[in-house]
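Participant: What follows is the residue order along each chain.
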Amino acid sequence: MSGGTLVDVAFWAFAVAAVVAAWLVFRVDSMVRAAYWLFASFVAVGFIMVLLGARFLGLVLVLMMAGEMTIMAVFMVMFMMNPAGLNPMTMVHQHRTAIIAGVVAFAGLAGVGLVADFPDRPVAASSEPTAELGRELLGDSMLVFETAGVTLLATMIASIALAAKRGRFGDAAAGSVAPELDPEPPPPDPEEQAGHDHHHDAAGGKEAGP
Amino acid sequence: MSLPALLVVSAALFGVGVYGALSQQTFVMIMMGLELMLSGAMLAAVALWAGATGGNPKGQLLTVVAMTVMAVEAAMGFALVINIYRIRRAEMTEKIKRLRG
Amino acid sequence: MSWASPLPAVALVGAVLTAGATAVTVLDHLAGARTAGRPVRLLPAVGRPAARSALLLLTRRSATPRTDAAAGALAPALLVGMAAAAVAAVPWGRGVAVADVDDGIVLVGAAFAVVMVGVYLHGWSANSPLPLHGGYRFVALALSYEMPLALVLIAAALPAESLSIGAIVESQAGMWNVVRQPLGLPLYLVAGAGLAFWGPLDVADASDLAGGTAAEVSGPARLAWAAAQGAVLTAVAVVGAGVFLGGWHGPVLPGPAWTALKALALLAVLAGAKHRLARVRLERFVVVAWAALIPLALVDVFVSGALAL
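Quick mapping for you: the protein sequence lines, in order, are chains A, B and C.
For the first sequence, our numbering begins at 1 and goes up steadily by one.
For the second sequence, our numbering begins at 1 and goes up steadily by one.
For the third sequence, our numbering begins at 1 and goes up steadily by one.
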């Protein structure tokens, strides 16, 4: 895994870009920017993979993420109350726990990476990673490959069944509780009827908070 | 571009992902955190493939599996978000405290 | 793999993209004149790119409030960059390539996929409803043409038994892919027109949206966007010439000349299609793409694979 100075410079540039872009995903207010910062992080990771010799995987990662992150941006605009981020707002909970968990995860994994003694067997410069991957996918590991394919097919069917507005037997939402214009109050339950007002106030108060 | 440096970078991506997945309230933002965690895992897999296994193609295979997981996560996540929004008008975790349909 | 040194490589790719974008404007003008029954004169057409650029450079820049300026500047740059990456992977003659990487067709696919990001960002950046609408239209269009595009490129790689575009051109020495895989080039051109938001698939920048994603930009920014569209069209034509029309193979003339001529021919076809065919409605195209184009592309892959065995 040795390379010239240029490769080292490129690696550090992409590494810093990947982590900073990942951090910015949760710091920007505009949801489209958040989605595309994540895309930038993936592109940097893909380029590092290319530098490491896994050219096919890196390029496929970029190809896949371009579509996925655009869909993500569209979803954010559809579902979020302030997609353009024109009014700054934070939508986080358990912030301190999350920071601690993130730092602990980083420290633990980075510690393993720094301390563990991995064998030093770099990939041969003359190897053809793409051809080897192809032979592996359609050779020894064909079962894994086929399982992944069937899993993706099942995912396609399941996600269409979940997301489709109309099914074979009519409206997919038939029988479910009609959505209210005010999203907060839950559908009235007989046993909760007494405490309903109180519940509504509490929820409203929470939303007005920071 | 040494193996420890690569693993530290992938750990940083994973850590940011953990932070995002735990701290965000919107479903789509939580998915972004999950994707970052997978991104860190994939980078670590490729780094170990290139540095410690002598180019064993099973390392690349592991990354392909991680990409499949990512695609499944995204597709099912989006489908569930649409479904929950249609039925409950909820786009945040706090709005689906009641799990009973 | 063969690599050019950085400076000549950048100069070459830049020259190809500039020449391509100029050719797009000239051919567009000529095809428009021919379709409208006006006299087809070469000299005014050749002067048109310069005149149009000068006009746009002198036009005042318009501005909408609270634009996403970074995204607006990034969008044309992304398109040009991705077009450059795709053009760089195509060899011009045997062993004459900027970067004939061994995963060239995957690189081209990735570069073409990122175009979607650029166009959506362009529509998003203006902070105005019509451009945003154009951006959404392009996302729906792109998700539909992406699969046929990827499949026909994979099918073209099958006879070559390689993902390198140099090897794909080499494999067409006896018979070009346009003959061997009759479904390939038509599907590729449909997807390419969508990719470059051009002609019958110009739904993102359509005139029924007052210019779509470009509705709010004028002056130099408009010029940059037009140049970006020309660059993407050039990339579509150059890749198509290499992958389907046999690249450098041809009698008498040297290889690079053949590649350039074939790319120009594809540009002429696309320019003619823009003026001859009516714009396709997006919802109909989406249905056609998923119900007809993807199955046809799969047939292309299966037949090519069976023949390659």
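Calculated from the structure, these hints are not laboratory results.
Certain hints may be false.
[Stated by the list, open to error] Calculated cross-link-like contacts (lysine to aspartate or glutamate; reagent style DMTMM-like; alpha-carbon spacing at most 25 Å):
#1 Lys58/B / Glu136/A
#2 Lys58/B / Glu73/B
#3 Lys58/B / Asp140/A
#4 Lys58/B / Asp171/A
#5 Lys58/B / Glu132/A
#6 Lys95/B / Asp171/A
#7 Lys95/B / Glu73/B
#8 Lys58/B / Glu94/B
#9 Lys165/A / Glu73/B
#10 Lys58/B / Asp102/C
#11 Lys165/A / Glu170/C
#12 Lys58/B / Glu283/C
#13 Lys58/B / Asp117/A
[Stated by the list, open to error] Which bits of chain C does chain A cover? Going by a derived footprint, with three or more residues having C-beta under 8 Å, they are:
#14 34-41
#15 92-106
#16 112-120
Small disclaimer: the values here were computed from a predicted structure and weren't measured.
Glycine included, C-beta positions come from ideal geometry on N, C-alpha and C.
Participant: Now, for every hint given, state plainly whether the structure supports it.
Facilitator: Hints, verified against the model:
The straight-line distance between the Cα atoms of Lys58/B and Glu136/A is roughly 7 Å, inside the 25 Å bound, and the hint therefore holds. For the given pair, Lys58/B sits about 22 Å from Glu73/B by alpha-carbon distance, which is consistent with the 25 Å threshold. Restraint check: the Cα-Cα separation between Lys58/B and Asp140/A comes to about 9 Å, which is no more than 25 Å; the hinted pair holds. A threshold of 25 Å between alpha carbons decides the hint, and for Lys58/B with Asp171/A the separation of about 45 Å lies outside it, so the pair is violated.
About 9 Å separates the Cα atoms of Lys58/B and Glu132/A, which keeps this hinted pair within 25 Å; it holds. Taken as a hint, the Lys95/B and Asp171/A pair is honoured in the structure, with Cα atoms around 24 Å apart against an allowance of 25 Å. A hinted pair counts as satisfied when its Cα atoms are at most 25 Å apart, and Lys95/B with Glu73/B qualifies at roughly 21 Å. About 41 Å separates the Cα atoms of Lys58/B and Glu94/B, which puts this hinted pair outside 25 Å; it is violated.
For the proposed pair Lys165/A and Glu73/B, the alpha carbon gap of about 21 Å is at most 25 Å, so the pair holds. Under the criterion of a C-alpha separation no larger than 25 Å, the hint pairing Lys58/B with Asp102/C is consistent with the structure, at around 20 Å. Our distance criterion of 25 Å between C-alpha atoms is broken by Lys165/A and Glu170/C, whose separation comes to about 49 Å. Only pairs whose Cα atoms come within 25 Å are accepted, and Lys58/B paired with Glu283/C is rejected, the gap being roughly 43 Å.
For the hint pairing Lys58/B with Asp117/A, the CA-to-CA distance comes to about 20 Å; that is within 25 Å, so the pair holds. With 0 residues having a beta carbon nearer than 8 Å to a beta carbon of chain A, the stretch 34-41 of chain C misses the requirement of three or more and the stated coverage is violated. Given as covered by chain A, the stretch 92-106 of chain C passes the check, having 4 residues with a CB less than 8 Å from a CB of that chain where 3 are the minimum. Judged by the Cβ-Cβ criterion of 8 Å, the stretch 112-120 of chain C is covered by chain A as claimed, because 5 of its residues qualify and three suffice.
Of the hints listed earlier, those the structure fails to meet are numbers 4, 8, 11, 12 and 14, in rising order.
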